[in-house]
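**Student:** Residue numbers (the numbering used here), protein chains in the order written: chain A, 1 to 320; chain B, 1 to 473.
Heads up, a few of these hints could be off.
In the EDC-like style, the derived pairs of lysine to aspartate or glutamate whose C-alpha atoms are separated by at most 20 angstroms in a straight line are [stated by the list, open to error]: (1) B:Lys462 with A:Glu89; (2) A:Lys260 with B:Glu115; (3) B:Lys119 with A:Asp70; (4) A:Lys260 with B:Glu466; (5) B:Lys462 with A:Glu314; (6) B:Lys350 with A:Asp70.
Hint data in this document are derived by calculation from the structure and do not stem from the laboratory.
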Amino acid sequence: MERSIDVVERERMAKMATPTTSNALLLHLRRRLGDWPLFVLLVAPNLLLLAVFTYWPLVYNAYLSLMQWDLISPSKLFVGLENYRFLLEDSEFREVSRNTVVFTVGTVGGTVVLGLLFALLLDQPLRGIALARGVVFAPYVLSGAAVAVFWVNMLNPRFGVVAEVASWLGTVSPDWLNHPRLAMVAVILVYIWKNVGFTTIVYLAGLQRIPKELYEAATVDGAGMLERFRFVTMPQLGPITLFLVVVSTISSFQAFDLIKVLTDGGPVNATTTLLFYIWEQGFVAFNAGRAAAAAVVLFALLAVISLLQVRIGERRVSYD
Amino acid sequence: MPQNLTRRRLLLALGGLSGVALLAACGQQQATPTSAPAMTGGGAAPSPTAAPATSGMATPTAPAVVKTPGSTVKVVYWGSFSGNLGEAEQGMVKRFNESQNEVVVDYQYQGSYEETAQKLTQALAAGTTPDIVLLSDVWWFKFYLNDVLLPLNDLFAANQIDTKDYVDPLIEEGTRKGVIYWVPFARSTPLFYYNKQAWQEAGLPDRGPKTWEEFVEWVPKLVKQEGGKTVRYAFAHPSAASYIAWLFQPVVWQWGGRYSDPDFTIRIQEAPAVEAGRFYLSTVRDGWAVPSKDIVADFVNGAAVAMMASTASLRGITKSASFPVGTSFLPEGPKGFGCCTGGAGLAILKNKPKEIQEAAFKYLAFATSRENTMWWSQNTGYMPVRKSAVQSSEMQQFYQQNPNFKTAVDQLPKTRQQDAARVWIPNGDQIIGKGLERVTVQLEDPGTVFADVAKTLEREAKPVVEQLKRREG
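With the rest of the complex left out, here is chain B:
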């Protein structure tokens, strides 16, 4: 009955409700310390059991992370994969959680690489960071510059993991001044993908073109027109948001140019890079390549019969294409071969209780171990990050059955780290990417466009150069 609700009762009810809310809030705060039993007394003081790394105990196995048996440490892990890759990433976490009973990894999907970086930035401001995070090639450096990532050398030593077993160019990318901050996990390279069926119809040899010149010769056999409309393109260019700047990186090298020097001297406006840009322009102007918002969909549906794309798409593309898919090394340009690495690695956040960091490292070590990097690679198309995995008989056998997966590994020794302008200037990837859209979509001359891009890059590089000086001296 409505009369029962007097003002006093309403106030009482409201007071009760806020009390419940308060209790709930307190309960939440209490929950965290209980999940980390050794952590009474604040994060700064390392408990004796949580610091085996420095105690010098030469235990044959990796040191245990918790004091009381049966209790577990909870680790929050932020990742960025969806679809096929997301399933594999969750599978990895599940394998880890089932493999032992000391650490429980709580996997939390955050969206794209960009969104993950955005959320990590916000989390740093709010003080609610995850313990372990997946960061892409263009994002980890920003967090390194701000000194929020944990140096991992001691943990590698304590867990007796030989960092030399990680594929050299990959681990070196995450190492600054001899200290490892970013461990390769989902590392990729661009591959040349082609539609074998279209190749066969055109009477072409079953391989990718050795050079771009050769590809241009093949193009007339691959393009199809119907009633004045191109219904099948020979090649597709992605948009800035789909990382065209990453895929153009090797092309610039193939033409003898580069985006920048490691010291942020911008070189994209110089003749070799501009020539590479003119080649891109010609592909669209001559009507055989199409700028597309979704090159993978166009390729899988047969609207474009070749593309450059990440190794990471291999499993997904093979699954959804109705024709046999071929992969090969990137074609060579006038100045020879060039290919870059890409993808993402794992990092652990600083300023966490030592116990949490050690637990987080357990996952990091697990996910990049010889066995698991093989499992991950076979399920995604990313490259194995351990030398011992690449050489293992299991992997060699897998490559015999799936030759497309081998292309990336064979190409790996010839790859190099991307230019600083794309990966280390904030938004550098998108600045270059939008410049490339001006070429592939608006058909502007790369001479003008790259001069504009260079100016923007130079301006945006300034704060990074200063920050780097402060960070590394």
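Extracted from the complex, chain A is given alone in its bound form:
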């Protein structure tokens, strides 16, 4: 309170102060142009970078999506909406869309739920908890390719650790990464293993920000452990959950390195997600138009999802 009075006071003083002549000119200019020149000056470098590396590629990509082009030949063939029509009718693209939904729901759900669980565990004042926190977070900072190579070896059906453990238990480990259905499960699990550290850390920070008084009050009101979680922890973590879902969804759509090294999108197309498909169409099949059209679809999809999440956030999440 004190501080804001101080600011108002200072502004009043500044207005009353009589300007010198050079200042008068500046003031005059400033009155005419407002804060625009300064605004432009400050914003220009960033805007320029965004324009060159984000907005222009976006526009150019939309243009390419109307072309048939192999990325080398000097001429591009205009085909209108043909690439979009192709995607609509292509059974492979339908499979890819289905995979993307499964992968996104699996990884976002997995990292958020497990992250909360780990955060609750790691919030306990136990011995060695700092080490445990480090262990949970460690995979997140490893390179995706390294993690994938590690898991390729772990999951090898003939020499891998997982197969070895399975044989102790008297069962047979399937060829996870080369199995029509299990490959997707394996990729999702590895993705969660790598990324759960991030959601855990963010949730942990959120948990530690919840005022102790709220729990005390709830306890006084006779709330048990589950009720405290249901009526204090959950609502307090609302904004963080929203943030994590948005961020995880976007990064899940961008997953590439794990998929490339673990399965190469296979077997057949079992683990090909939308982003992987865009890469494959663009840089393996050299079909720039089709890849660009798929990228536009991905862009639209992400825009809609982000919008929905923000809407839900406004209605459901309390920031108090």
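Go by the hints and put chain B onto chain A.
**Tutor:** Relative to the frame of chain A, chain B by itself:
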């Protein structure tokens, strides 16, 4: 002290920094012309010394590429080999650089064949291409279609290299309408590999099966089970990414079919190819072959006792296997023998200063010369690309000591070029490969699968057919 940093000083410092960056950028641009001294005045005008090919001077030795003695031409070479093969490729460059002092080859590893092609595509857009590039059997044609590869006939003539000494089917693959664009360097064929120890335990003769039928008879002796689990398979199929479409190519021929005609008429959906596919299906369904993401690892570790794989893996496999390795011709199918070529060759980029192209050609000629193709072959398992090398007493002696290396050379006269659908349709290899995964992994019927594959291939072939018409008339 932090007070020392005023706004003015900060701005000055920033200005200074950008100045340095600018200088560095200029310096880089200047560095290129100095390494090619004859190239003042732009790439179009050939300098007198750089054009000996057309000047008609009948010099007994190959024409020199640089005017001033002591100066060197730098050539950038993009290659694709890693591990054992990568060491050999770097060894070749080193041998070249040490053999003379006019040209320095700068070898730059780019990743797999696919990644090299991707990067070359990007480099073409950015105008930062290498001078010489290694392109695989499925990729060179794309760049030929887009007319970015240099015709090499004149350079062969100027350097007095007899192209007839290159093994015919190999050099012919890179020749279009009498013009050579793609020179065989690391060329391979599939071989049948077998685990001699397992063969001996099973009481089988020390040779590969003559036919697939015979192999199927041997299979029960080779497969091992423990507690209801197969711990040793008789055979392994690779994934699409490991080129199953290349290894299935000869099998299709052995069944009397083909992927396509040279004019892109797709034939994979026809009965003979489908029958070959059904054979593949049976190998997995009957439990003796395993679809694997790494057949070489499975073979070397004894989890599969036979496989088809490239000659190029021979050196590596022999080194890492703990048992004696045998190689043989591919087994015959109901319609006899069939085997294809594969691997990669060298190409030089168009639109480069003549001097650079000549320097690049020096390396190309060196790497595929009689002596060096022998060295390369003995160190990798790839086939010698020169007739004179194959017939040389050194090579014959080497074959006596390493009979496995001879299999590929003996098989070579019976090989043929792959069908257009796999090598010339963009992504054709992966389209067929994924279809084969549907058979070997998902156990779908090849009749349905190959019909789907044929539809996709037909669709993807259209732009190539049009492009080819424009290119060759």
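**Student:** Take the hints in turn and mark each one as holding or not.
**Tutor:** Structure-based check of each hint:
| no. | hint | in the structure |
| --- | --- | --- |
| 1 | B:Lys462 with A:Glu89 | 18 angstroms, holds |
| 2 | A:Lys260 with B:Glu115 | 13 angstroms, holds |
| 3 | B:Lys119 with A:Asp70 | 14 angstroms, holds |
| 4 | A:Lys260 with B:Glu466 | 32 angstroms, violated |
| 5 | B:Lys462 with A:Glu314 | 51 angstroms, violated |
| 6 | B:Lys350 with A:Asp70 | 19 angstroms, holds |
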